[in-house]
Structures are given as structure tokens and as C-alpha cells.
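Protein chains: 2
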Amino acid sequence: MAGDAPGEFELIARHFAPLAGPGAFGLMDDAATLAVPAGESLVVTKDMLVEGVHFFAEDAPASIAHKALAVNLSDLAAKGAKPLGFLLGFGRTRAQDEAWCAGFASGLAALSGASGCVLMGGDTVNAPALTLSVTAFGTVPRGRMVPRQGGEPGDLVYVSGTIGDAALGLALRLAPDAPWAAAMTAERRDVLLDRYLHPQPRNALAPALLAHARGAMDVSDGLVGDADKLASRLGGRFEIDRVPLSEAALAALSAKPDLIETILTGGDDYEILCVIPPDQSLIFEAAAREVGVLVTRIGALEAAGSMRLWCNPDGRERRFTRRAYAHSFGTQES
Amino acid sequence: MAGDAPGEFELIARHFAPLAGPGAFGLMDDAATLAVPAGESLVVTKDMLVEGVHFFAEDAPASIAHKALAVNLSDLAAKGAKPLGFLLGFGRTRAQDEAWCAGFASGLAALSGASGCVLMGGDTVNAPALTLSVTAFGTVPRGRMVPRQGGEPGDLVYVSGTIGDAALGLALRLAPDAPWAAAMTAERRDVLLDRYLHPQPRNALAPALLAHARGAMDVSDGLVGDADKLASRLGGRFEIDRVPLSEAALAALSAKPDLIETILTGGDDYEILCVIPPDQSLIFEAAAREVGVLVTRIGALEAAGSMRLWCNPDGRERRFTRRAYAHSFGTQES
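Residue numbers (the working numbering), protein chains in the order written: chain A, 203 to 536; chain B, 203 to 536.
Be careful, since some hints might not be right.
Just a few of them, taken from the derived set where beta-carbon distance is under 8 Å, the chain B residues facing chain A [stated by the list, open to error]:
| id | residue |
| --- | --- |
| 1 | HIS217 |
| 2 | MET230 |
| 3 | LEU244 |
| 4 | VAL252 |
| 5 | LYS281 |
| 6 | LYS284 |
| 7 | GLY293 |
| 8 | ALA297 |
| 9 | PRO330 |
| 10 | THR333 |
| 11 | MET347 |
| 12 | PRO349 |
| 13 | ARG350 |
| 14 | GLY352 |
| 15 | GLY437 |
Listed next, with one range per pair, are the computed distances between beta-carbon atoms [said to hold, decoys possible]:
| id | chain 1 | residue 1 | chain 2 | residue 2 | range |
| --- | --- | --- | --- | --- | --- |
| 16 | A | GLY318 | B | ALA316 | 56 to 62 Å |
| 17 | B | ALA240 | A | PRO378 | 32 to 38 Å |
| 18 | A | SER434 | B | ALA301 | 25 to 31 Å |
Simulated from the structure, these hints should not be mistaken for lab results.
Even for Gly, the Cβ is constructed at its ideal location relative to N, Cα and C.
Given these sequences and hints, build the entire structure.
Put into C-alpha cells, the structure is as follows:
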């Protein structure tokens, strides 16, 4: 059984106030002030996570906290923004007792500290299912936010990191006894499970995106569907055998080849998908290398009116059962 | 039965994009930019509302939308801030079908238009209960946000509007057949029900607060508990017979005198509670009159270490069963 849930004021004073940044008034006010440096624009983003939809209720509270903040940091990264602060909407159930809240706050503190994104305030309410609504703030040089839909035909499309690990991790959570899972080492299974639980926002890549990208977004709903959105003003051609895969994903794929669909459309990657003009590609790659983020060219934008194609190694188009992942595993179809 | 729920993209394109402000990229991006004018600070606030906790699922969708935005505008008003824009976290269930979403958007559009607070973005997710997480942005002259806990002993405490109507409206919703309800005219019952459904944020008062208030907050959890928070650095003395009541509340009170507890601690008022230095009181009253907002002096701050007292007309202290309202009517105690 869960222990007693702390009251709202104890919760804030004990667990959240230590994370408060300047302008947050120690979380004792209903609002906070943000000072936006002269010459900069504020970038705001909001991602909401619901128990049983975006995470499992039984996940470690520090992991849930990490994910709630990380997915918002990922949006800031894609926009080229430097993290500044966040608000936390905390819809809690009776299960969020003192120990749970302490674990949750420790997860928030770790990523908040690592990213420089400080807690500015929020709201704590009772809810029938744990619901986390984070609003994150960042800054870019005035007017320079990297848009989602920028770019011209011929621009190159890059993706950071490796794709599909988190979706395979979720598949492992949902069906741990699947034959392909049994065919993998425990170590590789752990890699995939961890990538689902602990997305790593690519904020280190933000300056390179600001300097070189014409368009960018983070990959949250599956690479194929998100590439559709990135290239929605134009056409695009993407090569499946260029998509960067981890060793663990390759092992899964060799055990069950049709997992390629999960990898490419499963979502939860929180990698960066971006559009780079051809004459910037080498310098962008070098800038990414310098901050330790792998970036891989997977395709190019094509003229408006052309298709958005995914090609197999033999050059033929691959079609997908569904192009994007709708987060709904626990509750309902979307 | 509910009709089909629109997909996320149809929902955004059809209902929310028409409300989008500049910098919101037509809601086609994962983030928005806010331009904060030179010499101003951004004020940010977040209030989260959950079905069955903060509103009834069967309320008109336009009313739910109004409330979700209004309670955030109320926080901006209390801070002296001018509304700028908002983000909407929309955790929806299957009940939010096309017709519901159209009604919801119309309610948002009305208050957004009236307040100048434009939609900047947000996130739409599936949730087991309708959950609305609004983050609102406003501006004040740099560094001038009105804090909650400002003020000195001897400063006067004012409240706007009338107190207790919304709490009585909620009581009517929960027990429509109570004898005190039957003793009232239908017209007065409607006034109370409407005050619960449609809080009127006091944004018109913001300039007067900026100019004259040393501290301010909005009354959302009950006047007595919120006055405790306002005066928490100091002591305070408040006079119950000075608390401004509507005709409808007076009628309820005459039918059932112990409703005074509901009136003073019930919450959902969304009026402004503020601290005004004595030498500013006349000019503050005049400034409020000019914008058509009733303000009433209900007490004064006292020296640190003294109590926070509520006095009956005979000068004796009144004690309350509970000083503040915890929003939890539908789901759980808090």
C-alpha cells in the first residue's frame, strides 16, 4: 500500500522548492518572472504525459520525472534553444506518496541540474491518473528559432543518435516473452528498455542547429511520420539503410526482420531530425562531432508536389502499415 | 453516445489554429516564440483543471474552456500583468467529440479575444479524464511583478468583487434540493451557478495593482486560507462583516446562517486579494472604480508574530472548521 501522500504545501516545500530558480519566489507565489536577455526571444513548448499512455505507472518515479522533463528539453533542442526553466503541472493520485515524491524530485533535480533548466513554478492537483504537464522555456537569438518546416529542395535531412531503440524497448515491456526478445542478450534488452525509460535530449546539438539547420523537429511519434511533418511543404526521399541503428536494434532486427516497421514508426526516440543545406553539411557534421552527438544523413528534401518516399536498399519504395505512432497503449486508440 | 473524436491534426487545424497568435506558427510547430518587449519582464503561471475535481464533466464545453483560461488570467491579473498568450495542454477522453471540441474552441475564442491572450501552442494527448493544463504568459514593466507576500504592518487588505458566490454555486450543484436553495429565487440560484461556472478574471484591475499594491494574489482556495497565505510573513486582522457579499449570497445566508463558512472558505472566487499602503487607499479605490471593479477593504496586516484573526461583528474571533478548500469533490480527499 502507498503511504500517506504529502499535502500540497509540504510537497512543494520539501521536494520542489529546492529546485526553484531565480524569479520563482521559492514556489510561494502563483506566478514567476522570467528575464529574457536583451536580443533574445523566448521559446516555449509543452508536452503532457499521462500514466498508462506515455509511461507505465510502475516505472521508477525518478524515471518518470526524467522523461517528463526530457521530452520538453528535446523540443527546445530541436528549436536551437538554450534551456532556461520549466513549469510543472502535477496531477497526482493517491499513489504519489512521500517516497514516490522524493524519488520523483530526485529525477527532476538530476536532469534540471544537468540541463540548466530550473523549476519556475507549476500547479499540483488531484487527478484520477498521474498526469505531468511540463511547460519548458528556452532562449534563442531574437527571431532565430529553428522552424519545423524550413528548407528547400535538395537540402539534406539528418537524424541524431540511433532510431528505434525506445520503440523496441516499449515492445519488450509489452511482450517480454516474444521470441525475438529471447534471442537477444540481457545486456541488449537492457539497452532498449533504458532508451524507452530515459530519453536523452540532444540539447548539446542546439548551437549547431541554430548555426546550420533550416528546419528541425524532434522525433517523438516515429521517424517516418515525423519526416512527413518535417517535409510537409515539399517532398522528400529517405533511404532506410541509412537510418542509424544501435547494435541492440540490429540484433532485434536480425531475430525478427519485420521489426523494421516498429523501428521506423514506433516513436519515443527523442532524437533530432533536421534539414541542412548541402553546402553546410560538412561543417554541421563537424559541429555535431565536436559536441559528441552522432548525426547521420538519411535523405533529402525534394520539390513540392513530389512524394515523401522511403526506399529499400534495392531502391524500391517501402510502404508502412502506419506511418506514425499514436501514444495510446494503456487507455484507448487515438 | 459521443460522436467520433477528431484526430489530433484535424482538431488543431479546425478548432485551435484559428485562435493562434503571432509566433505560434499556426500551431504547426512543437514550440512557439514570444517576443517580450524591451523593458518588460515575462510573467508565467500555470493552473491545471481536472474533470470531476475542478469542473463537472457535463458542464458545457464552452464553460469548461472559459474556466480553464479564466483561472490563469486571474493569476496574471493578481500579478499586475497584461495577458499575452497561453499554451493549452489538452488531455482528452473519448467524450471530446467533434461537437464538444467546437464548443470548447468557441469558449476559448471568446475569452481569448476579450482578454488579448492568444493561443501559442500546446499538446493534445489521450487521458482517462478530461485534463486541461493552461500555461499563461503576461508582461509587467521589468522587475515589477506584484508579489504575493509584500506589504508592511498597517497596510490595508482589499478584495475585489463579491466573495462566496462560486462556492455557493458549487454547493447548489452538489445539493440542489437543500432547503436553503429552495428558499431562494431561481434568478438568485442562477447567479450563483453562473459564478461557479464562469469566473470573471479581474484583468482590468491589473494596472491599479501595479501602481498601488505591495502584495496580491487571486482568491481560488477560499478567502480565509488565501488571506493566510497573503499575510503569511506577518499577522493580519480581517472583519467578517466587511467581506463584500452579493444579494444572492445574502439571501442564501439569511436562509442558512452557517453558510458563512462556505462563503469564506469555499474557494473558486477568482477575485483579487491585495495589500495597499494606507496612503494609497483612496487613489487605489478611485483607480478601481474607474475600471468598474468593486474593491472593498476587509482588514489590515499586523506585525509579524501576531495572529491572523477573523473577527465577528462583535469583535470576537471566529474560528473555521477548515480555512481553505482543497479541490477534490469528485475523486479523493486531499
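Hints versus structure:
| no. | hint | result |
| --- | --- | --- |
| 1 | HIS217 | 16 Å, violated |
| 2 | MET230 | 6 Å, holds |
| 3 | LEU244 | 4 Å, holds |
| 4 | VAL252 | 5 Å, holds |
| 5 | LYS281 | 5 Å, holds |
| 6 | LYS284 | 13 Å, violated |
| 7 | GLY293 | 6 Å, holds |
| 8 | ALA297 | 11 Å, violated |
| 9 | PRO330 | 5 Å, holds |
| 10 | THR333 | 5 Å, holds |
| 11 | MET347 | 5 Å, holds |
| 12 | PRO349 | 6 Å, holds |
| 13 | ARG350 | 4 Å, holds |
| 14 | GLY352 | 10 Å, violated |
| 15 | GLY437 | 17 Å, violated |
| 16 | A/GLY318 - B/ALA316: 56 to 62 Å | 38 Å, violated |
| 17 | B/ALA240 - A/PRO378: 32 to 38 Å | 56 Å, violated |
| 18 | A/SER434 - B/ALA301: 25 to 31 Å | 28 Å, holds |
Checked against the numbered hints given earlier, the structure breaks hints 1, 6, 8, 14, 15, 16 and 17 and satisfies all the rest.
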